[in-house]
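Asker: Sequence:
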Amino acid sequence: MEITIKDKVHQLRATFGFLAEIDREMLGETSKKDNPTIGAGTGLAQAVIQWQEVGDICALRDIVYSLCNHEAKERPTKKDIEGYLESCEDLDIFSDEVINFLYKANVCRKALKKMADPMGAAVKEEMDKLKQGELKA
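If you read the sequence shown in the working numbering, its first letter stands for residue 68, the second for the next number, and so on.
Hints are supplied without guarantee of correctness; some may be wrong.
As the list claims (entries may be wrong) - Listed below are the simulated DSSO-like cross-link pairs for lysine-lysine, each with C-alpha atoms no more than 30 angstroms apart in a straight line:
#1 Lys75 with Lys171
#2 Lys196 with Lys180
#3 Lys75 with Lys145
#4 Lys145 with Lys181
#5 Lys73 with Lys145
#6 Lys196 with Lys177
#7 Lys75 with Lys181
#8 Lys171 with Lys146
#9 Lys180 with Lys145
#10 Lys196 with Lys181
#11 Lys171 with Lys181
#12 Lys73 with Lys146
#13 Lys73 with Lys171
#14 Lys145 with Lys177
To be verified - Have a look at the derived ranges for each label pair, beta carbon to beta carbon:
#15 Glu69 with Arg176: 19 to 25 angstroms
#16 Asp195 with Leu158: 31 to 37 angstroms
#17 Lys75 with Gly122: 27 to 33 angstroms
#18 Gly150 with Gln78: 26 to 32 angstroms
#19 Thr71 with Gly95: 26 to 32 angstroms
#20 Gly200 with Arg142: 27 to 33 angstroms
Just so you know, the hints here were simulated from the structure itself, not pulled from any lab data. For clarity, every value in this text was computed on a predicted model and none was experimentally measured. Yeah, the Cβ is synthetic: ideal placement off N, Cα and C, and Gly gets one too.
Produce the entire structure from the sequences given, and follow the hints as far as they go.
Answerer: The structure is reproduced here in structure tokens:
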């Protein structure tokens with residue numbers, strides 16, 4: 068998946084680096100040190116819940132920012148991503164694309180599938196549609 072911010076195309080990559088980055092964004096630097104039971108994907112689950120259940124746009128920003136973690140030299144800033152989200156023509160479609168992208172990624176699939184169960188029938192149904200590729204732009 069890619070997005071264009073300030074005339075620069077950025078590749079979004081769901082990698083182990085992404086999981087580490089989203090954990091830092093959502094849980095803070097010391098959380099894993101202080102509590103070794105926190106596994107990779109905990110920050111991802113928290114970010115997805117905050118965005119889809121609460122509507123916290125900052126969680127979507129943090130997901131996109133973390134998906135750009137491999138772009139060390141030309142990584143967009145959080146402010147750049149905020150501008151992108153503010154000017155997005157259809158935020159719901161973009162959000163669906165990002166969540167669908169994460170659901171298909173090997174490093175995210177299991178965590179998203181597991182978290183869908185306790186989230187309720189409506190969210191589970193949406194996650195099933197994403198899994199089957201029924202929700203597209």
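Asker: Which numbered hints are broken by the structure, listed smallest first?
Answerer: The structure conflicts with hints 7, 16 and 18, although it agrees with all the remaining ones.
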